[in-house]
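Q: Could you put together the complete structure from these sequences and hints?
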Amino acid sequence: MRIRSNKNHSSRIKLPLLVGLVVVFLIAAVGCGGSADLEQPADLKPVKESPMATGGTSGTGITKTEPLTLADASAIGNEGQDGVFNRLWSDPPTLDPHLTSDTTSSGLVVEIFGGLVSFDTDLNLVPDLAESFEISSDSLTYTFVIRDTAVFHNGKPVTAADIKWSLERAANPDTASPVAETYLGDIIGVEEVLDGMTDQISGVTVVDDRTIQIKIDSPKAYFLQKLTYPTAYVLDRENVESGGRNWTDEPNGTGPFKLVEYKIGERLILERHDAYHLGDVGLKKIQMNLAGGSSMAMYENDEIDITGVGLFDLERIKDPSDPLHSDLVVANPSFSISYIGFNAQQPPFDDPKFRQALNHAVDKELIAREVLADLVVPAYGILPPGFPGHNENLEGLRYDPVLAKKLLSESAYADPSSRPRIIVTIPGSGGTPNLDLEVIINMWLDVLGVEVEIQQVEWATYLRDLDRQKFQAFGGLGWEADYPDPQDFLDILFHTESENNNGAYSNTDVDSILEEARVEVDVVKRMELYGQAEESIVADAPWLPLWFAGERHLLIKPYVKGYVVTPMIVPKMRHVYIQD
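Residues in the sequence shown are numbered consecutively from 3, following our numbering.
Watch out, some of these pointers could steer you wrong.
[Stated by the list, open to error] Using 20 Å as the maximum straight-line C-alpha spacing, the simulated DMTMM-like pairs for lysine to aspartate or glutamate come out as follows:
#1 K222 - D140
#2 K287 - E268
#3 K355 - E537
#4 K574 - D282
#5 K166 - E183
#6 K222 - E193
#7 K166 - D150
#8 K355 - D402
#9 K472 - D353
#10 K559 - D84
#11 K559 - D304
#12 K217 - D201
#13 K408 - E522
#14 K158 - D282
#15 K574 - D353
#16 K222 - E136
#17 K287 - D582
#18 K286 - E263
#19 K166 - D84
#20 K407 - D448
#21 K286 - D304
#22 K355 - D304
#23 K355 - D542
#24 K286 - E273
#25 K217 - D402
#26 K472 - E499
#27 K265 - D251
#28 K158 - E268
#29 K574 - E133
#30 K166 - D197
Quick caveat, the hints were computed from the structure, so don't treat them as lab data.
A: And the structure:
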């Protein structure tokens with residue numbers, strides 16, 4: 003099924019103010035704004051990311067709120083496993099794993115469903131439904147043995163046939179998955195299914211009820227990591243086929259939690275799956291408030307157990323004398339980047355010099371310092387700090403108004419009278435755009451005389467049209483890592499044939515480098531290839547990279563134990579429990 007929603011009437015906002023006035027206004031606005039729940043998904047994945055800090059583990063930039071385990075909860079008593087965790091969330095565009103392409107959906111899906119492999123909270127790749135796997139000597143064939151304890155929420159055993167059907171369902175064009183080719187395309191036979199030539203993936207073989215083999219087209223170091231994405235999750239065929247378009251109202255998953263209630267715009271409730279194959283689940287229930295509101299006020303009123311700390315409250319919470327200071331957790335940055343994307347096939351963004359001019363006209367250091375209080379790190383590359391392959395010496399397209407004007411004058415769109423109307427589309431429903439976006443648009447006007455309008459589109463519609471490359475330019479989003487490999491950013495987002503290349507960027511030299519990196523077995527050489535690709539991509543300016551995440555400030559109730567703040571979405575709620 004497709005994600006569907008009624009198309010909103012778009013609101014267009016022209017911003018002709020001078021940059022200086024906007025900066026003053028925005029600083030004032032930040033001072034009276036509410037706080038955001040920074041552990042609530044920021045909808046960074048359009049589909050769908052840090053230096054180590056004290057308190058991190060295993061070099062992954064992960065912060066643990068408590069070094070306790072579920073075993074500690076059992077020793078404390080039954081109350082450790084009878085707790086309810088309350089949090090603020092948003093309505094997910096989908097709960098179908100094979101359609102999941104955003105962080106709001108993914109944060110729920112990873113707790114309800116599961117696949118053959120997963121990441122633990124230290125970002126180690128671990129077996130999930132599979133108890134073990136073997137890779138052939140030529141690195142082309144993967145053999146998985148399914149746990150005999152793996153069952154769906156209704157108690158039905160998971161079989162190899164379930165895995166095969168699920169992969170074929172994800173690739174079937176009738177499913178209309180926006181990410182099936184991206185995450186499953188390495189498997190032999192997937193392309194034929196995607197093209198509607200067959201409904202069977204030739205590279206997936208059921209050996210017996212508990213054994214399945216998957217063959218890929220060439221050795222790829224990141225292939226197993228791709229299988230951690232929800233596109234490869236197992237579904238119950240009977241549940242899907244009998245439930246029709248609304249089967250996700252009562253999904254029969256395999257994850258640590260099962261969906262028991264969902265009222266759009268009100269609440270979503272998950273309950274523990276007692277027969278979960280990876281062991282005890284610490285919480286009895288997770289209650290998601292979908293109605294919105296001030297997360298800080300809700301936290302202080304004991305309505306929710308976790309919240310991010312916004313600019314308005316940060317100084318107060320950092321004061322050791324504040325009652326909430328003891329609840330403060332400073333987490334490492336997420337593996338994410340926010341950006342404004344340009345459609346390289348639509349005027350005026352089909353001219354590289356025009357795109358480069360826009361990049362050089364934005365003073366990111368000023369915005370980060372004066373508008374965003376240094377809570378973000380200006381981005382001049384694509385790969386985040388602390389992420390494999392990150393190049394801290396990448397110069398990128400820095401603020402240079404003189405060069406920006408020169409590039410504009412040399413572009414095909416130097417004459418404003420013949421320049422096409424420019425619209426940046428963002429997700430939203432008529433509210434105020436992000437503060438940084440308003441300043442950027444005014445910098446373009448002030449430095450270059452380039453007028454840009456903002457158009458807002460409802461989130462599910464935005465994702466659909468983004469996949470169809472409908473937008474001239476697009477903002478208000480970013481990309482968060484699905485797995486810790488540069489391929490997840492550079493190849494998935496910028497290869498000419500990638501379905502997630504939302505800006506239709508194409509560079510044959512970059513394609514060749516990315517294709518070589520896919521099959522390179524030497525780790526050092528792979529990283530060098532990705533470094534070359536990143537430099538070329540940044541120079542071509544298909545994006546205006548904006549920000550890497552800074553430190554995340556959260557409040558977590560002291561009775562919440564075992565909660566781990568990770569730099570990307572992984573299943574983790576089964577480790578959480580409540581100790582009053």
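Q: Name the hints, by number, that the structure is in violation of.
A: 13, 15, 19, 22, 25, 28
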